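K.L.:
In case you want the letters, here they are:
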Amino acid sequence: MNIARIAGRLATEHPSALLKQSPTTLFVAVAAVIVLLAPQLVTSFVATVVGIAAIGIATVAAVLVTTRPELVRFALLVPAIDFVAIGFLRYGTGDSASIFSALLILPVIWFAAEEGREHIWFAFVGTAVVLLFPSVAGQSDSSTLSALSRAVFASAVFTVAAAVINELSRQARRRLHAVRSLAEERQSALETSERRAAELAAREAQLRGAQRLFQGLWGAVTQQAVIGTDVTGLIDAWNPGAVNMLRLTADQVEDKLHVDAFHLSGELEDRARELNYPAGATVLNPGFSALVEQARLGCAEVREWTYLRGDGTRLPVELSVTARLDDDGETVGYLFVAHDRTRAHEVAKLKDDFVGLISHELRTPLSSILGYLELMRDDDDDELTPTQLQYLGVAERNAHRLLTLVGDLLFTAQVESGKFNLETHMQSMAPIVSAAVDSAQPAAAKAGVNLTAQVGGDGLVRGDSVRLGQACDNLISNAIKFTPSGGNVTVATSFESNRVVVSVSDTGMGIASSELDKLFSRFFRATTATRNAVPGVGLGLTITKAIVTAHGGEMSVASEEGVGTKFSMALPAERVRV
Amino acid sequence: MGRAGTPVVTVPPLRVVVADDDGDIRLLVGIAVRKAGLDLVASAHDGDDAWALVIGMAPDLVVADVSMPGMTGLDLCRLVRAEPALSATRVVLLSAAVDDASRQAGLDAGATDYLIKPFSPRELADRLVQLATHIEARL
Chain W
0 MNIARIAGRL
10 ATEHPSALLK
20 QSPTTLFVAV
30 AAVIVLLAPQ
40 LVTSFVATVV
50 GIAAIGIATV
60 AAVLVTTRPE
70 LVRFALLVPA
80 IDFVAIGFLR
90 YGTGDSASIF
100 SALLILPVIW
110 FAAEEGREHI
120 WFAFVGTAVV
130 LLFPSVAGQS
140 DSSTLSALSR
150 AVFASAVFTV
160 AAAVINELSR
170 QARRRLHAVR
180 SLAEERQSAL
190 ETSERRAAEL
200 AAREAQLRGA
210 QRLFQGLWGA
220 VTQQAVIGTD
230 VTGLIDAWNP
240 GAVNMLRLTA
250 DQVEDKLHVD
260 AFHLSGELED
270 RARELNYPAG
280 ATVLNPGFSA
290 LVEQARLGCA
300 EVREWTYLRG
310 DGTRLPVELS
320 VTARLDDDGE
330 TVGYLFVAHD
340 RTRAHEVAKL
350 KDDFVGLISH
360 ELRTPLSSIL
370 GYLELMRDDD
380 DDELTPTQLQ
390 YLGVAERNAH
400 RLLTLVGDLL
410 FTAQVESGKF
420 NLETHMQSMA
430 PIVSAAVDSA
440 QPAAAKAGVN
450 LTAQVGGDGL
460 VRGDSVRLGQ
470 ACDNLISNAI
480 KFTPSGGNVT
490 VATSFESNRV
500 VVSVSDTGMG
510 IASSELDKLF
520 SRFFRATTAT
530 RNAVPGVGLG
540 LTITKAIVTA
550 HGGEMSVASE
560 EGVGTKFSMA
570 LPAERVRV
Chain E
0 MGRAGTPVVT
10 VPPLRVVVAD
20 DDGDIRLLVG
30 IAVRKAGLDL
40 VASAHDGDDA
50 WALVIGMAPD
60 LVVADVSMPG
70 MTGLDLCRLV
80 RAEPALSATR
90 VVLLSAAVDD
100 ASRQAGLDAG
110 ATDYLIKPFS
120 PRELADRLVQ
130 LATHIEARL
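Residue numbers (numbering that gives the first Met the number 0), protein chains in the order written: chain W, 0 to 577; chain E, 0 to 138.
The hints are simulated quantities; they were obtained by calculation from the structure and are not laboratory data.
Since we're looking at a predicted model, the values are computed, not measured.
Where hints are given, some of them may not hold.
Below, simulated SDA-like cross-link-like pairs (lysine to any residue); rule was C-alpha separation at most 25 Å, straight line [what the hints assert, rightly or not]:
no. : chain 1 : residue 1 : chain 2 : residue 2
1   : W       : Lys348    : E       : Ala100
2   : W       : Lys350    : E       : Asp98
3   : W       : Lys350    : E       : Asp112
4   : W       : Lys350    : W       : Thr411
5   : W       : Lys348    : E       : Asp74
So these bits of chain E aren't anywhere near chain W, every CB distance computed over 12 Å [to be verified]:
no. : residue
6   : Ala31
7   : Ile54
8   : Ser66
9   : Asp74
10  : Leu85
11  : Ser86
12  : Thr111
13  : Leu114
In this text, a Cβ means the ideal position worked out from N, Cα and C, and glycines have one as well.
Build the full structure now, drawing on both the sequences and the hints.
P.N.:
Shown next, in the form of structure tokens:
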């Protein structure tokens, strides 16, 4: 039984006022016909007509109550009018002798069927009024004790009948309510079931989609080896990348080999020693344990290893190891994702070769150039003319420029290859800054720039004095280069928040704000530099930042085009105690 | 005698072998050697040639480039140090490598001094004078 059918049932079980009124109207119509055919039944013409007319009014009221939902609360007025109408009809057709007394049962049933025991009393009152009113009012010709008794008895019978009907209706309603609740529950369960089935179908579709995506990805990863193992290292997943990289098929390794079989035992032993594994049998498989140590502790680990292929050849890889977890978060295995580092190693070697090439092939000819220029200058036997000395100075200056450029290139390459070492010790920054300012004074004077030092707060920095001096030199020489004659360059130091800050401010040409974030990139030259033909290749700030970063410090810059620029380097420091 | 100052070396001057694959540098080093008042007895253009000269002549000083074809300056230095007959021979290395590790490798190989290219001939001559003084003081 679906909800629509139940609703249909409910519609008939709660009939409209018009439907309930229909039998009364029908029987009164029949009574009217009988009265017309047998006028001798009429004892009061007026009462009879009033009674029939009142039924008409009740019927109209039933129509209104049925068709106008807002009037439904007045529905019980209809059987009340019926009581009055039947009372008149009964009175007009012989009172207690009227053949139409039985019509009273119809409004009684109406009232009795309504929910609530108070309606029994409404039925009783209605019946009593109809049956007793003529006798009580003395209008009846049969106002005898027997007629009164008959009326009282009939009222009692109608009332009992009303009570029985009311109780039966109540039980019927209760059963109906129970049935309706069950039906609703069933319908709700059905809808829930249908919804869950739809959700399940959607999730199955998602799962199938995810499986297709995973299969696609698994097959598409051909340049990285993805290897899955259980907690003992026994391989249970082997992607096409692993096939390419290690030259064994999935059938050859899955459930047959452990992942540490592809590692050099020496590397695994070294790692086990790093992890302070005790020698002996305390670790079941020290090699595999060393491999997954970090992943087992919940940290993803990326480390360089050497893979040993099935054919015995070796391959440098960057290996990421992560734990595979079950629904409870327990480790059930590990995932190994390996990236071939052969090319990266080749590039690193090329870079090293390049550094070596610069070192030897550029610095060696520079040795000859500078050495022989020096010999010419130092030749006491054949002294040079002032003009020759001037030309020699130009050659020497440019040879030194070239040497500086070679040094910068070398330094940049060293920074990139991670071979940039610092010889650090605790030292005060003020002497380094003062020395840099002093050494830059000749260049500043030549450029017509007023170079001043404001060494205020000082700090003890753990650093490489040569490199820190180089950083100061770079910033000061930059400031001088970018400041027109007559301008000022100020070098200041201060101590704030456990850092010593060295700032170099100039009143130079400034830098466009859109270029500030690129200033520290290799070979970047500001538009103002190229526009004003300021010499340089764009490595000085890169090197300066690398030095400051290597000391745990930070570089910052503020500039306004046409106004000036301020570079600051903040280095971790301890306050100098006087 | 230029800015290297007046040589303090007495006769006979210390005997020096120079080894560098770059002829211009060999010549430059030779000039510095003479400025220091030392005796340039031979020049070699590679490590193997230098070793043959050194083992044959047992000079007091060898000034050698680190990067040479064949035997490197480091290898040459190790051979000199390993040869008992050359226990008095001192080696000065010249290198274009600027990093500290390279310098340390040179000193570890047994070099007495290590100069970075480009070097000043004047500074090289000064160093050779100091070294000669030191050697003669021990004789």
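K.L.:
Take the hints in turn and mark each one as holding or not.
P.N.:
To see whether the hints hold, each was checked on the structure:
Restraint check: the Cα-Cα separation between lysine 348 of chain W and alanine 100 of chain E comes to about 17 Å, which is no more than 25 Å; the hinted pair holds. Of the pairs offered as hints, the one joining lysine 350 of chain W and aspartate 98 of chain E holds, with about 15 Å between alpha carbons and a cut-off of 25 Å not exceeded. For the given pair, lysine 350 of chain W sits about 29 Å from aspartate 112 of chain E by alpha-carbon distance, which is inconsistent with the 25 Å threshold. As the CA atoms of lysine 350 of chain W and threonine 411 of chain W are separated by approximately 11 Å, the hinted pair is consistent with the 25 Å bound.
Simply put, lysine 348 of chain W and aspartate 74 of chain E have alpha-carbon atoms about 23 Å apart, close enough for the 25 Å limit, and the pair holds. The Cβ of alanine 31 of chain E does not lie farther than 12 Å from every Cβ of chain W; its closest approach is about 8 Å, which violates its non-interface assignment. The Cβ of isoleucine 54 of chain E sits about 26 Å from the closest Cβ of chain W, beyond the 12 Å cut-off, so the non-interface label holds. Against chain W, the non-interface label of serine 66 of chain E is violated: not every CB pair exceeds 12 Å, the least being about 5 Å.
Chain W leaves aspartate 74 of chain E outside its interface by the beta-carbon criterion, the shortest separation being 16 Å against a cut-off of 12 Å. With a least beta-carbon separation of about 27 Å from chain W, leucine 85 of chain E lies farther than 12 Å from that chain, consistent with its non-interface assignment. With a minimum CB-CB distance of about 31 Å to chain W, serine 86 of chain E clears the 12 Å threshold, and the non-interface call stands. At roughly 20 Å from the closest C-beta of chain W, the C-beta of threonine 111 of chain E stays outside 12 Å, upholding its exclusion from the interface.
Interface exclusion of leucine 114 of chain E from chain W breaks down, the closest Cβ pair being 10 Å apart, not more than 12 Å.
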